[in-house]
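What follows is each chain in one-letter form.
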Amino acid sequence: AQSVTQLDSQVPVFEEAPVELRCNYSSSVSVYLFWYVQYPNQGLQLLLKYLSGSTLVKGINGFEAEFNKSQTSFHLRKPSVHISDTAEYFCAVSRVYTGGFKTIFGAGTRLFVKA
Amino acid sequence: DTEVTQTPKHLVMGMTNKKSLKCEQHMGHRAMYWYKQKAKKPPELMFVYSYEKLSINESVPSRFSPECPNSSLLNLHLHALQPEDSALYLCASSQGRGPSDTEAFFGQGTRLTVV
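If you read the sequences in order, they're chains A and B. Sequential numbering from 1 applies to the first sequence in our numbering. Sequential numbering from 1 applies to the second sequence in our numbering.
Calculated directly from the structure, the hints in this document are not laboratory data. Do not take every clue at face value.
Stated by the list, open to error - Listed below are the simulated DSSO-like cross-link pairs for lysine-lysine, each with C-alpha atoms no more than 30 Å apart in a straight line:
| hint | chain 1 | residue 1 | chain 2 | residue 2 |
| --- | --- | --- | --- | --- |
| 1 | A | K49 | B | K40 |
| 2 | B | K19 | B | K40 |
| 3 | B | K38 | A | K114 |
Treat the numbers as computed from the prediction; the structure is a model and nothing was measured.
Next up, chain B with everything else stripped away, as it sits in the complex (with noise of 0.2 Å):
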C-alpha cells in the first residue's frame, strides 16, 4: 500500500463553521506533512509532525489547528477560516528518518472552498 488517502475530496464551509480534514497512510512511515496550494503556485509546507510529535509550524493561523492521532493518522482542524483559505490542501508522508527518506508521498488533496 503507498497510498495516501485523504478525505474530504471537496470541502465547502462557512467562515464560521468547523470542519476537519483527514489523512491516512499505512506505509509505516514517521513524519506526515499538510501543505497548502493556491492556484499556479507550488504547495506551501504549514505543520511537519514527526513521529508524532509537531515539529514544525510554519507560522500558521491559529484558525488551523493539526492534530496526530497516531502514527497513520493526519487531521486538520478549521475553525472560523476566512476566503482567502480557500485553497488545496495537501497531504504527504515519508519514511522521516534522514534526508534520504524524505520522499514525499502525496494524497490527492481536499479542495477547500471558505464562503
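Same shape as in the complex, but just chain A (with noise of 0.2 Å):
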C-alpha cells in the first residue's frame, strides 16, 4: 500500500525567509509523487511532481522538492518565501488500483507568511 505523512500541520515563517515542508512517504513499488497548492476557497494547483529521473525537482513559484529514496521523503523547499505563498500545501502519491490508478494526499500543511 501507498501513503503520504506530512509532518508538519503548520508551518509560520517569515517573509523572505527559507522554508521546507516535509513529506514522507510509503511505498513497496515505484512512486510517482507530487506536491500541491490550495489557495482559500481555490481549488488545488500542481507546484511540481517526480516521476522519474533527477532527484531534485523543480516547479513553479520558486519550489523545488527533492526526491530521497533512502529516507523515503520529498520534501518541498523554497529558499526566500513571500506573503502571497501563504496557503495549504499537499503532498500525494499515484496509488495503483484494480482499474488504474488514483492520488492519495498528506493531511496537509499550512504555511503562514508573515510580514
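Work from the hints to combine the two standalone chains into their complex.
And the structure:
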C-alpha cells in the first residue's frame, strides 16, 4: 500500500526566509510523487512532480523538491518566501488500484508567511 | 486549454432538494474524479471514472450519484443530502493511461451548503 505523511500541520515563517515542508511516503513499488498548493476557497494547483530521473525537481513559483529514496522523503523547499505563498500545501502519491490509478493526499501543511 | 470548469461555484440546497454539480474538461483526459473536501482537511476521493466507466466508488452514500455522459463531462447528482454533506466538492481530471499520467488537474470547486 502507498501512503503519505506530512510531518507538520502548520509552518509559520517570516517573509524572505527559507522554508521546508516535509513529506514522507511509504510504498513497496515505484512511486510518483506530487506537491499541490491550495489557496483559500480555491481548487488545487500542481506545484511540481517526481516521476523518474533527476531527484531534484523544480516547480512553479520558485519551489523545488528533492526525492530521497533511502529516506522515503519528498520535502518541498523555497529559498525565500513571499506573503502570497501563504496557503495549504498537500503532498500526494499515485496509487495503483484495479482499473487504474488514483491520487492519495497527505493531511496538508498550512504555510503562514508573516511580514 | 488546461482548465477544469465546475459549475456552480456556490450552491445552497435543502435536505429535500435535488441538484447537480457539473464538471467539464477539454484536455482529452480519460480519467475524471470527484473529491469531497471538508474544512482544514485533504481532499477525499469519492468516485473515479476511467474511459467513461465508473472504476472506483469509495463507499459513497447513494444520495450522491455520479454520471459521465461523455469523455468531457462529469456530473454529480445530489438528493436528500444531510447538513454534514456540506463541503467543497472538487472535480479533477488526468490523462489516465498510467501512473505517471495521474497528474490531476483540479477545478475551482463547488462550495455546497446543505440547510
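Hints and how they fare:
1. A:K49 / B:K40: Since the Cα atoms of K49 (chain A) and K40 (chain B) sit roughly 23 Å apart, the hinted pair holds (cutoff 30 Å).
2. B:K19 / B:K40: holds (25 Å)
3. B:K38 / A:K114: Roughly 26 Å separates the two Cα atoms, so the pair holds.
Hint check: no violations occur; every hint is consistent with the structure.
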